[in-house]
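Colleague: This is what each chain is made of:
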Amino acid sequence: MDFKLDPADDAFRQEVRAFLQEHLPPDLARRGACGFHPIRADQRRWQRTLFDRGWGAPNWPVEYGGTGWSHLRQFIFDEECALAGAPATDNGGLRMFGPVIYAYAGDELKARLLPGILKGELYWGQGFSEPNAGSDLAALATRAVREGDEYVVNGHKIWTTGAHTCDIIGLLVKTNPEAKQRGISFLCVDPATPGITVRPIIDIGEAHSLNEVFFDNVRVPVSNLLGEENKGWTYAKAVLENERATSAEVPLNKRKLAQLRHIAGHERSDGRRVIDLPGFAPRLAQLEVDLRALEWLTLRALTEKSEGVSLPYGSLLKVRGSELVQRIGELTIEALEQYGSYLYAEPGENPDARPDWPSGPDYAPGVAADFMYRRAATIYGGANEVQRTIIARSFLGL
Amino acid sequence: MDFHLTDEQEMLRESARRFLEKECSLEQRLHAPVEGGFDAARWSRFADMGWLAASLPEDCGGLGGDIVEAALLMEEFGRTLVVDPFWGIGVLAAQTLLAADAEKARELLPLLCAGELRPALAHHELQSRGVIEHVTTQARPAGDGAWTLHGEKTLVMGGNVADRFIVSARTAGDSRDRDGITLFLIDANAPGLQRRDVRLIDNRWTAEITLDRVQVTAADLLGEVGQGWTALEYGHARGLIALCAEAVGVMERAMWITRDYLRTRKQFGVTLNTFQALQHRMAEMLIELELSRSMVYRAMAYLARPLAARQAALSVTKARVGQSGRFVCAHGIQLHGGIGVTEEYSIGHYFKRMTVFENELGSAQFHLEQLALCECAEPVAARP
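Protein chains in written order, with the numbering used here: chain G, 1 to 398; chain P, 1 to 384.
Straight-line alpha carbon distances no greater than 20 Å define the calculated EDC-like cross-link-like pairs of lysine to aspartate or glutamate that follow:
1. P/K22 to P/D48
2. G/K254 to P/E378
3. G/K4 to P/D66
4. G/K305 to P/E8
5. G/K305 to P/D2
6. G/K231 to G/D149
7. G/K119 to G/E63
8. G/K119 to G/E108
9. G/K4 to P/D2
Bear in mind the hints are in silico, worked out from the structure with no lab data behind them.
Required output: the full structure, derived from the provided sequences and hints.
Modeller: This is how it looks when you write it as structure tokens:
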């Protein structure tokens, strides 16, 4: 056992920090540090900056333009970016679809899709869930029927994040309705294709990131099939496996806890700092305790050798990570008091457009909106109840 | 960073597990007399197997390991709910002695490793409640470098079978000052020293000690006068990690015992493991267990950090492990139903051990409050 961080990894952290200091524009950092969904233009700008530095894809192998970093270095990179307020990069392209493309797609599709992801020019929408296929994703019913060198797609996707601003949709479709998992395929679809209708879903934070997407006889070239027909489920599972160690979202939780400390040190009650009010600091300390536990469980997952029976790390981390982001949000809202009940104009929105948009300290905008949105944290990526069932069945043998 | 055991550590763990399951199982002990929680022959075996030497340096008769070896052994002891005073003597007293006085450590620790000397740490007092510097026992100068000790000590782990006591006493300052605490090594039969043995609810044994004008000389001093706190902190830090590692062993075994029970016990015509409410509870138990295990690793990683960072890391760990341990063992009982509250059955004993754990070296609440004080003392956090 050796619990020391390799000095080379420590030097790497300093390198990332210095890069962020120099290259992360203050306006991006300001918007990134508040809780609103990142603006696509910010994301594109930041991704291009990372690409120019050679850091466009921290989790990809070098041969496809990635960095080839160890899991630990990716973790350090993510953490530094989050703490600096860098906008979130494209999870769909970089973490979900990119790895499937370079692992399973043919050369033509690789050449067509990977460079755009690296440069921030090809943003992905995730066409997985359906009204009747949420936690039970394999029950999806969107059909793709092959006609010549095209698939004709009909169906209805929901919870598609960013469908209104994305460049391509990664779509799970049924190509064999007789089979369940084995009848699923992966298609890459241009959202401008005739027959696609995007309908916004406004979340309880009154923000628009989610959508419903309707497919009405949408024609998709067979060349946009990812890998082999009917093997989409295997690919989807491979992606989720890669995701296991980051599912606690420790970098995000660290940023939010730092924000809570900042707020609790500034908001006051009759002159006393909120952090000094009776009972407040122990609750803050409890969140710190739980964050540290998650961080070190994540480090174990990252350094695990793939031999023997492995813990279901992804599920363990998902459950507690999503609970933690909600609990940090609860205490932050409480620390803000009246400002915690206000909804603010999002960056880019015209504050004059609505007279009811309030003023407040610079740390207040976005907190309430994000708090509302994060009720979904325990639902998305496989509801926590599903994760508990996975843990009980797969590892505990119940 | 590597969380995998070396081959030697793996061997140590395997041999400990085999021995303890064969010789120290709970089932054997439940029907055996619990007199003193001590078996001299078994203690010799601990010494022969190198357990008492495992985490001590070679110039003190040890095998050159560190806290990892102690943690490994303690985790195994936790699994089996061993009552022998390994923690009190082999970790807490040994590590405190090691830090207190290099010369005496080289003289005495080889005897401890060989199982021939059993010192216990007589430090905790009635109102300590987790605060290391709480010492009211008085040491007054008696001329020619001699001292007279007066006071009471409680929760002296392994004190019932100790032949020496490392006693902390105040030579200067007030009850909660770090400066002015002095350590003495006293013979268990010293005139004026009275001992009452107490069995704890988890069947381990401890002692309460009264010091009534106990005479000691300069030769009985450990380290410098008034400088004992540093050694106490050193011993407590390692003791805390070892204790938390034991708790991880307790939790893990309690979880699997419960799992096995759910797979065999039938109600409503089916085995209990088919009920989702119970499956989900068990999933929570696994999460808590693995978070706690991660925290023990983290505490070990922070052991070499400067004092403030080390203490914060130890508090984070003790708080988390205490909370998780209570959850896992309490629900272990709950999922068993009525059989879980019987003395005859194992699961309740795991709960008892975790209950004692909470009262050792500061409760979860105590450590949370320590962390809270640090939060308030920090300068206002910068905006992330």
